[in-house]
Amino acid sequence: GAVVSQHPSRVICKSGTSVKIECRSLDFQATTMFWYRQFPKQSLMLMATSNEGSKATYEQGVEKDKFLINHASLTLSTLTVTSAHPEDSSFYICSARDPRDRDNQPQHFGDGTRLSIL
Amino acid sequence: GNSVTQMEGPVTLSEEAFLTINCTYTATGYPSLFWYVQYPGEGLQLLLKATKADDKGSNKGFEATYRKETTSFHLEKGSVQVSDSAVYFCALRIQGAQKLVFGQGTRLTINP
Numbered sequence: 001g002a003v004v005s006q007h008p009s010r011v012i013c014k015s016g017t018s019v020k021i022e023c024r025s026l027d028f029q030a031t032t033m034f035w036y037r038q039f040p041k042q043s044l045m046l047m048a049t050s051n052e053g054s055k056a057t058y059e060q061g062v063e064k065d066k067f068l069i070n071h072a073s074l075t076l077s078t079l080t081v082t083s084a085h086p087e088d089s090s091f092y093i094c095s096a097r098d099p100r101d102r103d104n105q106p107q108h109f110g111d112g113t114r115l116s117i118l
Numbered sequence: 001g002n003s004v005t006q007m008e009g010p011v012t013l014s015e016e017a018f019l020t021i022n023c024t025y026t027a028t029g030y031p032s033l034f035w036y037v038q039y040p041g042e043g044l045q046l047l048l049k050a051t052k053a054d055d056k057g058s059n060k061g062f063e064a065t066y067r068k069e070t071t072s073f074h075l076e077k078g079s080v081q082v083s084d085s086a087v088y089f090c091a092l093r094i095q096g097a098q099k100l101v102f103g104q105g106t107r108l109t110i111n112p
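Protein sequences, first through last, are from chains A and B.
Each step along the first sequence adds one to the number in this note's numbering, with nothing skipped, and position 99 is 99.
Each step along the second sequence adds one to the number in this note's numbering, with nothing skipped, and position 91 is 91.
Bound-form chain B, shown alone (with noise of 0.2 Å):
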């Protein structure tokens, strides 16, 4: 079946550090990657997203690659900051369906 598997947090870190937050899927045929980022108290709002492999998406600083070879879509950052505190969903969609199917997320805080 289809499945995502994230990296368990909570994940805390300081401001401008490194970030992290791993995924790993597992797909029949190829499937497009997202990356969803909920907002305390909100609903979801697509964070970038990547159709093909080798596909890099990137938006406010995020990027991820989607890697065939290890079926990864890794969310990096390269110095985050107190807003960027959120709970982070890695979602795959197989080609020509429309169910999304997401990874348990991963709750963020950043530190001032």
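Next up, chain A with everything else stripped away, as it sits in the complex (with noise of 0.2 Å):
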């Protein structure tokens, strides 16, 4: 069935520096992705919607500048966390729909990106 790939899967880096973050669908093309974001012990807050070849839609309260999402091919959408503090540690989560399948059908998610700012 479809698949879903997140790339890492675990980062940890210093302050200050940006992280990019891969969601490949795999044998599909989506032309929407979504990007979650999970804190410890809580739901998935949508962050943004990825949409192929235009500008992405970003929930109230996200910032646009923060979070850079790029979709630039019908596989592939990055979420690039700008300059990282430490505050910006979370699991974050992509999705996507296979355009085939039936409206009442749910989204693919990948497995998810730990990221921790030291």
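Residues of chain B clear of chain A, computed beta-carbon distances all greater than 10 Å: (1) Ser14; (2) Glu16; (3) Asn22; (4) Thr26; (5) Ala27; (6) Ser58; (7) Gly61; (8) Ser72; (9) Glu76; (10) Ser83; (11) Ile110.
DSS-like cross-link-like pairs, simulated, lysine-lysine; straight-line CA separation at most 27 Å: (12) A:Lys20 to A:Lys55; (13) A:Lys66 to A:Lys41; (14) A:Lys55 to B:Lys99; (15) A:Lys14 to A:Lys64; (16) B:Lys99 to B:Lys56; (17) A:Lys20 to A:Lys64; (18) A:Lys66 to A:Lys14; (19) A:Lys66 to B:Lys99; (20) B:Lys68 to B:Lys52; (21) B:Lys99 to B:Lys60; (22) A:Lys41 to B:Lys60; (23) B:Lys68 to B:Lys99; (24) B:Lys60 to B:Lys77; (25) A:Lys14 to A:Lys41; (26) B:Lys77 to A:Lys41; (27) A:Lys55 to A:Lys66; (28) A:Lys20 to A:Lys66; (29) A:Lys41 to B:Lys99; (30) A:Lys20 to B:Lys99; (31) B:Lys56 to B:Lys68; (32) A:Lys64 to B:Lys99.
Honestly, the hints are just simulated from the structure, not real lab data.
Here the structure is a predicted model, which means the values were calculated and not measured.
By construction, the Cβ of each residue, glycine as well, lies at the ideal position given by its N, Cα and C atoms.
Using the supplied hints, reconstruct the complex from the two chains, each of which is provided in its own coordinate frame.
Okay, here's the thing in structure tokens:
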């Protein structure tokens, strides 16, 4: 079935570093991907909707300049956390829908990226 | 607006116990309803779904019935196993929309 791959699975880096996370759809073309953030023991918060070939749509309260999203191809979306600080440490998860699926079919999720900023 | 409310956790049970995790929703239109499971350190996996009223989703011994009259989608399993320990998320998606709306998640721990 459809698979979404996320890379890297874990990142540990120093404060001030920019970190890029990749989300790939492996056997389908995803015009839309979603980026979520999950705080410890909490639910998923939708950060933005990534649209192939156009600007991402950010949820209220999410800083566009802090969390840069690029969806340059139909199988790849990237999230770059710019000048990361310890408060950006979190679990980031992407998802995508296979456009061939019927409307009532679910999204497919990546395995997530745990980001730790020292 | 659209929202999902889940039973607060954590929930701790003994192996072979009966499980219920409550989920209620508020939605405009006719949502599809989902249960996702997240094992430690992993992303989300779809557990089951239901797309219209009275549908029953089932998988791996888990069941949930779409109850429009009570706007609920409670998750049940007759006999839980240690391997069921995970965080469970109830979610909805409005027809024609792409975004998922998640509940807060319920952490389940099964003791041998």
